[in-house]
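So the protein sequences, as listed, match chains D and F.
Note that the UniProt record's numbering has the first sequence beginning at 1, numbered continuously upward.
Note that the UniProt record's numbering has the second sequence beginning at 1, numbered continuously upward.
Since the hints were made in silico from the structure, they are not lab data.
Any given hint might turn out to be false.
In this list, chains with the same sequence are indistinguishable; a pair is considered to hold if it fits within one copy or across any two.
Straight line, CA to CA, 27 Å or less: simulated DSSO-like cross-link-like pairs of lysine-lysine [as the list claims (entries may be wrong)]:
#1 Lys-335 with Lys-248
#2 Lys-288 with Lys-177
#3 Lys-194 with Lys-255
#4 Lys-248 with Lys-288
#5 Lys-342 with Lys-52
#6 Lys-143 with Lys-194
#7 Lys-194 with Lys-342
#8 Lys-447 with Lys-52
#9 Lys-162 with Lys-177
#10 Lys-50 with Lys-6
#11 Lys-342 with Lys-6
#12 Lys-162 with Lys-447
#13 Lys-143 with Lys-288
#14 Lys-255 with Lys-162
#15 Lys-342 with Lys-187
#16 Lys-248 with Lys-447
#17 Lys-331 with Lys-50
#18 Lys-6 with Lys-331
#19 Lys-255 with Lys-331
#20 Lys-255 with Lys-50
#21 Lys-143 with Lys-406
Protein chains: 2
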Amino acid sequence: MSQTKKRQLRLAAFLSGIGANVQAWRHPDTASNSPVSIEAFIEAARLAEKGKFDFGFIADSTFITRDSTPYFLSRLEPITALSAVAATTTHLGLVGTMTTSFSEPFTTARQLASLDKLSGGRAAWNAVTGALEGHARNHGGEKLYEHSLRYRIADEYIQVVKGLWDSWEDDAFVRNKQTGQYVDLDKMHTLNHKGEFFGVQGPLNMERSPQGRPIVFQAGASEEGRDLAAREADAIFSGSVEDVPAAKAYYQDIKRRAAAYGRAADEILIFPSITVVVGDTEQEARRKYDEVSQLLDVNVAIKYLSRYFSFFDFSQFPLDEPLPDLGDIGKDSFKSTAEHYKRKARENNWSLRQLALYASNPSDQFVGTPVQIADRLQQLFEDEVVDGFILHAYLQPRGLEDFVDKVVPLLQQRGLFRTEYEAATLRGNLGLPYPVNRYVQQQDATKALAA
Amino acid sequence: MSQTKKRQLRLAAFLSGIGANVQAWRHPDTASNSPVSIEAFIEAARLAEKGKFDFGFIADSTFITRDSTPYFLSRLEPITALSAVAATTTHLGLVGTMTTSFSEPFTTARQLASLDKLSGGRAAWNAVTGALEGHARNHGGEKLYEHSLRYRIADEYIQVVKGLWDSWEDDAFVRNKQTGQYVDLDKMHTLNHKGEFFGVQGPLNMERSPQGRPIVFQAGASEEGRDLAAREADAIFSGSVEDVPAAKAYYQDIKRRAAAYGRAADEILIFPSITVVVGDTEQEARRKYDEVSQLLDVNVAIKYLSRYFSFFDFSQFPLDEPLPDLGDIGKDSFKSTAEHYKRKARENNWSLRQLALYASNPSDQFVGTPVQIADRLQQLFEDEVVDGFILHAYLQPRGLEDFVDKVVPLLQQRGLFRTEYEAATLRGNLGLPYPVNRYVQQQDATKALAA
Numbered sequence: 001m002s003q004t005k006k007r008q009l010r011l012a013a014f015l016s017g018i019g020a021n022v023q024a025w026r027h028p029d030t031a032s033n034s035p036v037s038i039e040a041f042i043e044a045a046r047l048a049e050k051g052k053f054d055f056g057f058i059a060d061s062t063f064i065t066r067d068s069t070p071y072f073l074s075r076l077e078p079i080t081a082l083s084a085v086a087a088t089t090t091h092l093g094l095v096g097t098m099t100t101s102f103s104e105p106f107t108t109a110r111q112l113a114s115l116d117k118l119s120g121g122r123a124a125w126n127a128v129t130g131a132l133e134g135h136a137r138n139h140g141g142e143k144l145y146e147h148s149l150r151y152r153i154a155d156e157y158i159q160v161v162k163g164l165w166d167s168w169e170d171d172a173f174v175r176n177k178q179t180g181q182y183v184d185l186d187k188m189h190t191l192n193h194k195g196e197f198f199g200v201q202g203p204l205n206m207e208r209s210p211q212g213r214p215i216v217f218q219a220g221a222s223e224e225g226r227d228l229a230a231r232e233a234d235a236i237f238s239g240s241v242e243d244v245p246a247a248k249a250y251y252q253d254i255k256r257r258a259a260a261y262g263r264a265a266d267e268i269l270i271f272p273s274i275t276v277v278v279g280d281t282e283q284e285a286r287r288k289y290d291e292v293s294q295l296l297d298v299n300v301a302i303k304y305l306s307r308y309f310s311f312f313d314f315s316q317f318p319l320d321e322p323l324p325d326l327g328d329i330g331k332d333s334f335k336s337t338a339e340h341y342k343r344k345a346r347e348n349n350w351s352l353r354q355l356a357l358y359a360s361n362p363s364d365q366f367v368g369t370p371v372q373i374a375d376r377l378q379q380l381f382e383d384e385v386v387d388g389f390i391l392h393a394y395l396q397p398r399g400l401e402d403f404v405d406k407v408v409p410l411l412q413q414r415g416l417f418r419t420e421y422e423a424a425t426l427r428g429n430l431g432l433p434y435p436v437n438r439y440v441q442q443q444d445a446t447k448a449l450a451a
Numbered sequence: 001m002s003q004t005k006k007r008q009l010r011l012a013a014f015l016s017g018i019g020a021n022v023q024a025w026r027h028p029d030t031a032s033n034s035p036v037s038i039e040a041f042i043e044a045a046r047l048a049e050k051g052k053f054d055f056g057f058i059a060d061s062t063f064i065t066r067d068s069t070p071y072f073l074s075r076l077e078p079i080t081a082l083s084a085v086a087a088t089t090t091h092l093g094l095v096g097t098m099t100t101s102f103s104e105p106f107t108t109a110r111q112l113a114s115l116d117k118l119s120g121g122r123a124a125w126n127a128v129t130g131a132l133e134g135h136a137r138n139h140g141g142e143k144l145y146e147h148s149l150r151y152r153i154a155d156e157y158i159q160v161v162k163g164l165w166d167s168w169e170d171d172a173f174v175r176n177k178q179t180g181q182y183v184d185l186d187k188m189h190t191l192n193h194k195g196e197f198f199g200v201q202g203p204l205n206m207e208r209s210p211q212g213r214p215i216v217f218q219a220g221a222s223e224e225g226r227d228l229a230a231r232e233a234d235a236i237f238s239g240s241v242e243d244v245p246a247a248k249a250y251y252q253d254i255k256r257r258a259a260a261y262g263r264a265a266d267e268i269l270i271f272p273s274i275t276v277v278v279g280d281t282e283q284e285a286r287r288k289y290d291e292v293s294q295l296l297d298v299n300v301a302i303k304y305l306s307r308y309f310s311f312f313d314f315s316q317f318p319l320d321e322p323l324p325d326l327g328d329i330g331k332d333s334f335k336s337t338a339e340h341y342k343r344k345a346r347e348n349n350w351s352l353r354q355l356a357l358y359a360s361n362p363s364d365q366f367v368g369t370p371v372q373i374a375d376r377l378q379q380l381f382e383d384e385v386v387d388g389f390i391l392h393a394y395l396q397p398r399g400l401e402d403f404v405d406k407v408v409p410l411l412q413q414r415g416l417f418r419t420e421y422e423a424a425t426l427r428g429n430l431g432l433p434y435p436v437n438r439y440v441q442q443q444d445a446t447k448a449l450a451a
């Protein structure tokens, strides 16, 4: 019997939002208040669970200006929304974005551990460094730290959070009514962290969950981001798969970096976000895609674009002439996304209008019939370009509904995707190894040395 | 027709915990893991909602040591637990404790506003300053700020949070699919706070909820705490009503201070926590009370007591001789509680054992038949000693179940308590005035001046 686990496709969905296009809220079939409607989040989560998806994902950001596009202005905060979703689902993983800038690692560790406990081991943390200048101004600062410093802070922050999640061994809480023993204090551990950026004593006042500790996602695509992810993350929220060779190179690079840290290829999973539009015919799919694309207003699209360049004022450029070189604007903000947009504009000699519409509307890479979509997803998975996909519906809830009803059954028939959940925890469903408590590891190592 | 609103009794319940006695977890009828069981929180919330209670309350603290008693070692974090409860209830108010020390006002404002939005206007914040030395050591510090500085910080913090909650006027979000207008930017306001302790630009990325903004609770009993509460709080989580004249003096003092700030008596509501044990006969009630009291171990009780004195080591005193004067220990921690315990010990010439058991077990003030309990509650309410009560069940869920089934109907028959919720929001049910957005107030004032 072979010991090799067969690679399994993973599926996930954005729970928030009104659609991948920034003006999809205008479509008659979508609730225009979805970003603040917990009913919409719960509906998306239940659809995802019906489809046996691995997890629901909530992105985040906080800084807004008069130029922010609709989606950003008012939105549910991830940890509250996921806790509400937890109470109304049973198997879906719950991935929330929380920043490592301008927050306290003790509080972040605690809220995630509490979500993990109350959901029965389904929580995950998408750790981001925060990318907008204005973020600092909501937290007593004036400027964002520069890119590489943000990553050094994030690194130490993640170490602290994981350390706090090991405050208790798995079986520390005895709760024996007969003997009166509530806890085994030998299984309580105090972190006593004193680092460059943080001082955190511990222990955390939360026992471990059935999955040991929450899963960690990272989204960085820069050199620093890749290295941190390869070392610390269980999963990566990666960029677009529009450029397949580039996505494959990224995939291989991450797995290679992880191997250098002694990790197996299946201990770090890579998930791009994609937008799927399904039709019974190619024509129907294309019509649905166009129907939403046409809602876009170029002025709103330019505002959306400028967010990725620290709210750079694009109005100085004519709408329909080729864009000049954009230099290094955006280098300390959403670095990789800004670079991607600059490269696309340069390579295609795009005008401002073309770049803005490109940035504000999902690509048409996954527009087609159920069989066409299933074929493309299968190919990207089998070619090791991705480990799975996070669906950003082109319209909520229709985009997800169509996918669950029409594409998931095909993926199941092909033996690519589960027909039932394998486990009650997110870690179990993702097939990730159980994280042995660091203090138990140390004790085991000491014992082995002594033997 | 009279314009005077009849005073209405308010009822609430602690959602967390295994019982008011620190060792109630050993009782056969209670789930020993209640502090980390969201099912237990939800069960308590549903019972409270069945009883038409105004709100459920979650207390909090984070710093633990080897000497912490069971309840503190591992517990759900309030904002996550309340969000899960929100998704499984429809009318119950949701009061969460969050500290103004070692946290970011923007994040606190946002999480509470998000809970408020997703619950349809049922959130409240119990703002505390944090009272344990070790709290600082989990957040990069060494020592807690001294008591009055903590209150100055809390004061500015609450101002910032309320300011952020006014970032948007009530009707700022238009979301008109026909015209394409998502928001009216004239109704967006930027706080631009630069104070002694905090710099927060804003706006908050969350629109107002149906109750305008979350309710604010305060729990301080010191001079600084009373003044802050009288000025800023909608409600107070007050101390014990064991000493009725002292509780009445407190009630009058708070209402007098509020009046000095131009507030009506019914704009600030006072809620002590009480433990009720109901029996069909007096004997049965006493038997139930004794059954739980007997679970107490004096060593655990001493550990519990020491927490209110910054983990002072009481083992230096003999168990059964009168305690010496305790001097000023505890003055920078749970100041008012420590003072209360010292006074009780002095007045009664108590031994360490007596004081520890007193601190660790609820008083027997509300042990009796349903009629006896209803009589006592009615008296305290009508004598203006309290505006309502927060029930800390002697056993979860039995204590709450008994009260809802046997005492609530009596209070309803007497016309003291509602038989149906009056409103969908916590503010509406508590009869508190709607908070007009500060920027609208300013505009109205300017218009009045011009007219």
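- Task: Would you pick out the hints that fail for this structure and give their numbers low to high?
- Result: Going through the list in order, the structure violates hints 3, 4, 5, 7, 8, 9, 11, 13, 15, 16, 17, 18, 20 and 21 and respects the others.
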